[in-house]
Structure formats: C-alpha cells, structure tokens
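So the sequences go chain by chain: A and B. For the first sequence, counting from 1, position 65 maps to 65 in this note's numbering; every step adds exactly one. For the second sequence, counting from 1, position 1 maps to 266 in this note's numbering; every step adds exactly one.
Fair warning: there could be bad hints in the mix.
Stated by the list, open to error - Below are the DSS-like pairs computed for lysine-lysine, each with C-alpha atoms no more than 27 Å apart in a straight line:
1) Lys482/B to Lys171/A
2) Lys404/B to Lys264/A
3) Lys171/A to Lys353/B
4) Lys474/B to Lys453/B
5) Lys212/A to Lys404/B
6) Lys371/B to Lys171/A
7) Lys396/B to Lys212/A
8) Lys293/B to Lys340/B
9) Lys498/B to Lys281/B
10) Lys353/B to Lys264/A
11) Lys281/B to Lys210/A
12) Lys445/B to Lys293/B
13) Lys376/B to Lys396/B
14) Lys212/A to Lys293/B
15) Lys281/B to Lys446/B
16) Lys83/A to Lys281/B
17) Lys506/B to Lys210/A
18) Lys396/B to Lys446/B
19) Lys498/B to Lys212/A
20) Lys340/B to Lys451/B
21) Lys210/A to Lys353/B
22) Lys293/B to Lys83/A
23) Lys382/B to Lys453/B
24) Lys264/A to Lys210/A
Said to hold, decoys possible - If you want the footprint, here are the derived chain B segments under chain A, 3+ residues with CB under 8 Å:
25) 266-272
26) 290-298
27) 368-374
Bear in mind the hints are in silico, worked out from the structure with no lab data behind them. Each residue gets a CB set at the ideal place from its N, CA and C atoms; glycine is no exception.
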Amino acid sequence: MFNYLLLPEYQRAFVAVLLSGILLPEMGVLMVLERFTFAGAGIAHVAFAGVTLFLLIGINPLLGGVLFALLSSVLMWHLLEHKGVNLDAGMGIIFAFFMALAVIFMSLSRNYSGEAISYLFGSVLTVSWIDVVLLLVVFLLVQVVLVAFHRDIFLLMLNRELAEASGVNAKGINLLFLILLAIVITACMKAMGALLVLGMAVMPAVSALKLKGSFVHVIVMSGIVGAFASLLGFITSLLINTPPAATIIIITFCLFAIVMRLYKD
Amino acid sequence: MQPIVANDLTIGYGKKTIASGINFVLEKNDLIVIIGPNGAGKTTLIKTILGIIPPLSGYVEVLGCPAKHVCPHRKRIGYVPQIGRVPKDFPATLLDVVLSGLYPHKERFSKIGKEEKLLAMRAISEMGLSKKINEQFGKLSGGQQKRGLVARALIGHPDALFFDEPTSGVDVAAASDFRKKIIELKEKEGIPILIVTHDVNPYIPYLTKILVIGRGKVRVGGIELLRDIEFLKSVYGESIKVLEIEGKFYLLSGDFHDV
C-alpha cells in the first residue's frame, strides 16, 4: 500500500485529502453554529453548475465553480441582510435552479460529462499540483481569517445584538464567512465532490461540538477529527479499492456515530 | 457628563418611523424603566442608543459622543440583551462568555491574561455563579445565563447598564433574585441603568423615571405617568385599564394580558 504513496498522483491526493479534511470541518463548525448548513449544500451545487458551464465553453472549470459560488454567496448574504429572507428558504430556491442548469449544461457537453461527474462525487486522484497549491493558499487564508476574527465570530454566534453592541460588524462578518465558504467549497470540490463536501464539513464539526470545550478548541478539534477521518478513509479506499471521497465520508460517519454514542448528554 | 442624552430623536428602520420626539437624559444614579406595548419600539430605542441602528433624525449622545457605528464610547455601556436559549452544545464555558465582555476593549491579536481571568472570576462570583464557572454556558438555566451576561457586562467596568427584558423566560424566584441584583448595582455601585420591561412594579421604589413608548408617542416622567389614563390609552389602545393597588400599577388590556 505504501508503494502507492511514492506515485505523484497519490502524493497529491494525500495532501489534498488532508487539507480538505481540515478546512471543511473548520468551516463546518461555523456553518452549524450559524445555522448555515443548508447554505453550504446550496453553494456546492451552485458551484457545480459553474463547473459544468465552464467545461461546456472550454474554460478552467474551477474558475466557473468559484465564480458561481461567490455569486451565490453574495446573493444569499443580500437576501439575508437586506431582504430578511430565511437563508434556508432562499437557498432552496437557488439550489434547485442552479442544479437544473447544471443538468442542462451536462447534457449539452456530452464529451465532458464524465469530468463533470468527477466534480460531483470527487476525484481526488486527478487533482493537479496547481489544485494542491490552490488548496494550500485557501487553507492559509482560512487560518489567518479565523485567528484574526475568531472573537467577532464567537460574539456573533452567541448573540447578534450582543456582538453589534460590542462593535462587531455583523453584516461584514457574515459576508466574509459566506465568501470564505464559497472559496473553501470550490477548492475542496475536486477532491471531495460537490455532493460530499457537506458531509465532510458537518460531521466532524458536530463531533467536535460534542467533545465540548472553548470555541477555538472546538475549531481545532474539528480539524483534527476531519484530518484523521479523511486520511483513514483515503488509506482504507486504497486498501479495499473503493472511491476515495465516498470511503472518506463513510469513515467520517462511523467516527461521528462513535462520538455520538460515547458523548451522550 | 451625562451618560445618555437623547434630543428630539426619531427612531425606526429604513424609512419607517417607529417613534419620534424622544427627549430624555440618563443621569448618574438614574434607573429608567422603558415600558410600552409589543412592537412599540422599546428595543429599537435601545439599539439606536447603542449605535446598532442609526437614528432617523435628532441625536443621541453616549458619554458625550454621538452614537454612531464608530462611536468608541459605546463599548463603555454594558448591554444585557434578550438572548433566548443558547444551544446546549454552544462551545463556551461561563468563563468564556464573561471574558468575551473584554473583547471590545482588546486589540485584535492580544491575548487574555491571568489578571483578566481573575477579573472575570470576580464578576462571576459577584453574580453568585462561582460553582458554575467552567460549565458549558448552554447548560446553565435561563436565570443563570442572564446573571452570566450581567457578569459579562460588568467585567468591562461599564458607565451605564442596559437591560432588555431582563426577566423574560426566567422563573418567578430567579426573576426576583435577578431584579434584586439589578437594583443592587444601581444602589451600591451607582451605575445608571436603563431597563426595557413589561413589569414596572418591582422597580417602582427605585426608579427615577419612566419612559412610555407606543403608537409613535413617547413621554418621560415619574410614576404619575401611569395615572394618566388618557395618555396610556393613546399608547396601548382604548381597552387599557390601570389598577393601582397599594402603590403598584397593573395595566390590563381588554383581553387581560398584563403589561
């Protein structure tokens, strides 16, 4: 099995899985506490529509993914902050529309539908070094933002009025969070798949929340749980020859179930 | 310097005016109780003073500084909002929540020191929660969470304290205990206090002013305001009745919801 890790595509996959396994749960903690979980699912599907469109017109699909994801983030933020629309309801509308677009784009580009499917379910062995560098940049960006704004985010999650009375720019923090979520989801999409990123974000996050501790401790723990689950899942997939992203999600679910069993209230 | 001065203030959201012509001063040793029907603008008034939403016209000064989003003096007001129930697995102990009261006073990358932790422990102890210091905040009772938030407000040595519905969602015994703490803060510490509430009676012996707000009307005065039935009808509606029994006032509406 260790022979695999001497091959460049497996080395790239290993790093991509590790970085996604830390990044997604870190964002997952914020998604769960802010009740933006469905927004995360929606952004992933909108990003997938962007991928299919750019595959159809022959431009780098990740660029299409990130543009669409950012657009949906800003739109959601606008609906949330200026129109008072419930994010879940708003996302339900956007989600269905963009998924329908993705299906149409895929049907128009039959030559690329296989590649499009790889973004839907994840294809970690096809990530390039550019994808890995991009993931690393996003990873560093998220760590800097979390260190710089963790107090503002904490207050916002505790109570919005309390945060605003303490000088926190709640609208600004929510916009920053949604933009970051769009970037993280797109960056992790090739490794984990649009359909599976949500599981990787939420399950380690909920597990870390069950383990308790301070806000910073929970974010760090979610990254550790996610990294462990994703590496274990990746190695398992190599051993039993199953799709990596799907295997990672199943291992993550098993860990989640164990934590839920051990840390009952 | 007077902690709060509101002059011909109009409050509302966007283009919608909720109340106008608001004039009052919160002075040192004041305890002002704000009452009015649901949706009257009580919380909007507090949010305007805190600079969370801008005034539509007029002005409000906080410790001599016009209350805008950037007003640095805003952090010198301790605010205890209606917080609802915090989820049980919210990742913070009582100590974490109380220490967050120092965040507005800290530089972005600075650390919380030992002395500040001692300060937090003292504030927690003053609120009678020493045994709960390391408990998950979400697992505390409603009353304990409220007291925790007061400790959070006190840790920043506020020049004034604002409470929004301080006893909502708290059982009768805990509410009484909590009110005693509020009154103690005014009587012993001399901190001026502004309270939004539906139940004025517990504060009658201690309040210095009442601000009644509703249906766009605002008046500030003493307890005699509650004897002005015509004014109260214009605020609460024609069906309002006021019973004065042994110095306590009971406002009853047609459907007998007490306020």
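Checked hints:
no.	hint	result
1	Lys482/B to Lys171/A	31 Å, violated
2	Lys404/B to Lys264/A	14 Å, holds
3	Lys171/A to Lys353/B	25 Å, holds
4	Lys474/B to Lys453/B	19 Å, holds
5	Lys212/A to Lys404/B	12 Å, holds
6	Lys371/B to Lys171/A	21 Å, holds
7	Lys396/B to Lys212/A	18 Å, holds
8	Lys293/B to Lys340/B	17 Å, holds
9	Lys498/B to Lys281/B	23 Å, holds
10	Lys353/B to Lys264/A	12 Å, holds
11	Lys281/B to Lys210/A	44 Å, violated
12	Lys445/B to Lys293/B	19 Å, holds
13	Lys376/B to Lys396/B	25 Å, holds
14	Lys212/A to Lys293/B	42 Å, violated
15	Lys281/B to Lys446/B	37 Å, violated
16	Lys83/A to Lys281/B	15 Å, holds
17	Lys506/B to Lys210/A	51 Å, violated
18	Lys396/B to Lys446/B	18 Å, holds
19	Lys498/B to Lys212/A	51 Å, violated
20	Lys340/B to Lys451/B	19 Å, holds
21	Lys210/A to Lys353/B	10 Å, holds
22	Lys293/B to Lys83/A	40 Å, violated
23	Lys382/B to Lys453/B	24 Å, holds
24	Lys264/A to Lys210/A	8 Å, holds
25	266-272	violated (count 0)
26	290-298	violated (count 0)
27	368-374	holds (count 5)
In the structure shown, a violation is registered for the earlier hints numbered 1, 11, 14, 15, 17, 19, 22, 25 and 26, in ascending order.
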